[in-house]
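Colleague: Sequence:
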Amino acid sequence: MNKTALFCDGTEGYVYPPEPKESELVTFRFRTAKDDVDRVGLVTSADTYVMEKECTQGEFDYYTFETRLGEEPFRYCFEVQSGTEKYYYGRCGISREILEYYNFVVVPGFSTPDWAKGAVMYQIFTDRFYNGDKSNDVETNEYYYIGDYSQRVTNWDKYPASMGVREFYGGDLQGVMDKLDYLQDLGVEVVYFNPLFVSPSNHKYDIQDYDYIDPHYGKIVDDGGEVLPNGVTDNSQATKYKKRTTGLKNLEASNELFIKLVEELHRRGMKVILDGVFNHCGSFNKWMDRERIYEGEEDYEPGAYVSADSPYRSYFRFFKEGPENWPYNGNYDGWWGHDTLPKLNYEDSVKLENYILYIGRKWVSPPYNVDGWRLDVAADLGRSNEYNHEFWQKFRRAVKDANPNALILAEHYGDPSDWLKGDEWDTVMNYDAFMEPVTWFLTGMEKHSDEAREELLGNIDNFIGSMAHHMSNMLTPSLQVAMNELSNHDHSRFLTRTNHMVGRVEHLGPEAANEYVNKAVMREAVVMQMTWVGAPTVYYGDEAGVCGFTDPDNRRTYPWGHEDQELIAFHKEAIRIHKEHPALKTGSLKILGGEENILSYARFKGHDRIIVVINNRSERAEVKVPVWEAEIPIKCRMKRLLYSYKDGYTTEYEEYLVEDGEVVANMGPHSALVLGMRNEEDHDWLYIL
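Following my numbering, the residues of the sequence shown are numbered contiguously, the last one being 696.
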């Protein structure tokens with residue numbers, strides 16, 4: 008039996024319709040080599056169903072089985088027999104016995120938004136992107152937070168301070184508006200914002216008010232008050248900050264600016280994802296008001312820190328509840344013990360739960376019309392797994408009822424399968440099945456630059472095994488919208504990982520992050536990012552050559568005026584190719600081969616077939632790629648579309664030949680090859696990367 012010809016991956020070519028509804032008739036498909044097997048069966052827990060040969064195309068036979076699904080998840084694998092040989096085929100490929108853990112799964116009624124499948128996303132840490140309105144900049148001494156005063160940074164190119172949570176460079180929503188032509192020219196389809204709601208930090212994962220965009224990012228139309236004098240740390244006297252962040256004129260003007268930004272993004276055919284921080288809020292939050300920002304303000308009820316009679320007291324878990332502990336009761340539960348991050352007490356407050364569900368609906372509904380949520384530390388919400396799942400089921404219903412096309416994307420480390428059963432999250436930030444395997448394979452570095460493991464650099468078995476295992480933990484619709492990042496606000500910049508320096512900025516200094524980087528390896532990673540299953544997500548500035556160790560160094564400003572223009576141009580080419588090919592949005596994935604530091608794989612859908620070849624070695628390599636496994640003709644011609652190599656890249660035309668189903672690629676050090684093939688039978692161009 009030709010085992011390399013056996014194939015199914017649960018995508019549209021092998022499950023149709025790919026996202027079936029309850030009680031819908033579904034066709035399952037399986038591929039073998041032509042005239043090579045005696046019998047193919049679809050195996051469920053109930054029975055084994057004989058599949059019928061549907062057709063022969065090229066070198067392959069295709070077998071189908073049709074059935075009507077019920078309401079429950081449909082789990083299956085395939086049994087393939089030729090003479091005395093018998094194999095099973097599941098999510099991780101061929102096995103001698105049934106491995107139920109790796110069975111294919113279809114959940115009737117579960118779908119993810121089509122716009123998000125393979126969408127090119129761009130993550131913006133707003134304070135560091137572009138300052139479009141200097142009148143809303145945070146002032147030095149505007150307030151006091153975590154041991155020091157707020158700081159206005161006037162040098163855009165300054166490296167972030169090691170404890171830079173309260174330093175602000177002035178980036179804002181007007182700055183994003185000003186740079187929309189740049190994002191559109193780059194090829195961005197979705198903008199994901201780190202939190203935008205009122206908050207005292209630059210990262211804004213300590214929400215002060217979920218109902219409004221922070222005026223420091225939005226509009227300050229009613230300014231005044233005073234900054235804190237040196238030596239004064241009582242924020243109840245921070246009258247400028249209070250006026251800016253609690254005054255309804257500023258809050259409403261900021262929401263209006265956000266509405267205009269979303270409308271403009273939509274006009275350009277782009278989508279918007281907001282960051283939802285619902286596990287905890289901030290000590291400045293109007294419900295807690297530890298800083299007494301809202302105390303005595305006529306438009307606000309007293310916070311739970313201020314008064315035992317606060318309407319928000321049940322929103323938090325107080326360890327000392329006697330009346331003698333108020334006013335100013337600081338004995339509350341903080342996330343990971345941080346008193347600046349009060350953990351929200353859902354189990355004891357239906358009112359809180361209903362309000363957060365309202366917030367979930369509010370921002371995906373008119374007039375805001377946001378297209379999705381990214382959920383911060385989503386698995387931590389609540390005090391038990393049982394409640395956590397119950398809440399996210401409610402959240403999904405609330406959001407999808409308000410906007411059926413909204414994406415629900417969670418931050419999660421580890422196996423997400425308990426939340427990805429069709430009734431909670433749509434997908435996750437794809438650490439396990441993208442960022443980590445790619446980083447280990449191409450750099451041998453841990454994603455924080457905290458560790459180097461030489462045995463994982465170029466380790467093809469680890470890469471393939473990790474990818475297969477972790478991808479099997481996600482349903483196909485979830486995989487197709489998973490956020491595939493090389494860098495983000497929580498980890499070192501990928502370009503810095505290419506220098507193999509272990510450590511953090513406080514020990515090595517910021518300049519070390521820029522030294523000995525390998526842009527050729529970065530380009531290899533970008534090719535993989537733009538051709539793997541999921542939604543490729545560029546962290547602002549990665550495309551322009553920004554470096555940095557893990558946070559806060561990874562939150563450097565975008566280098567306007569001194570960008571790496573060649574790297575930007577390369578991103579544009581890779582993004583263009585990604586967007587032009589349906590196979591890269593929802594096509595099948597098949598690993599074609601690999602050895603130490605060398606990888607080749609295919610993406611294919613109908614006549615659109617793509618091959619990716621990576622040479623991560625520091626010397627040249629001749630790579631034979633069995634492209635026939637991607638349903639590419641045994642003999643045909645190809646053209647070069649893009650070739651990235653040690654010193655740059657080229658798009659100059661060059662022809663190659665496929666002989667006996669293989670193409671031989673002579674790869675330079677740290678290179679990625681992009682080829683296109685002409686199919687003489689149907690006269691379509693097929694691209695090979």
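Bear in mind the hints are in silico, worked out from the structure with no lab data behind them.
It should be emphasised that the depicted structure is a prediction, and the values quoted were computed from it without experimental measurement.
Quick reminder that beta carbons are idealized off the backbone N, C-alpha and C, glycines included.
Treat the hints with caution; some may be incorrect.
Claimed, not checked - Pair ranges (Cβ atoms, derived): (1) E626 - E666: 49 to 59 angstroms; (2) H614 - D355: 37 to 47 angstroms; (3) K10 - E659: 36 to 46 angstroms; (4) E626 - N469: 31 to 41 angstroms; (5) K28 - G231: 26 to 36 angstroms; (6) G337 - H273: 57 to 67 angstroms; (7) K579 - K165: 45 to 55 angstroms; (8) R583 - T246: 25 to 35 angstroms; (9) E587 - E263: 32 to 42 angstroms; (10) G231 - E587: 51 to 61 angstroms; (11) T240 - S118: 44 to 54 angstroms; (12) Q400 - E328: 51 to 61 angstroms; (13) Q191 - D497: 26 to 36 angstroms; (14) G154 - E461: 31 to 41 angstroms.
What the hints assert, rightly or not - DMTMM-like, lysine to aspartate or glutamate: derived pairs with alpha carbons at most 20 angstroms apart: (15) K646 - E661; (16) K60 - E107; (17) K124 - D42.
Colleague: Hints numbered earlier in the text: which of these fail when held up against the supplied structure?
Modeller: When the structure is compared with the hints, numbers 1, 2, 4, 5, 6, 7, 8, 12, 16, 17 turn out to be violated.
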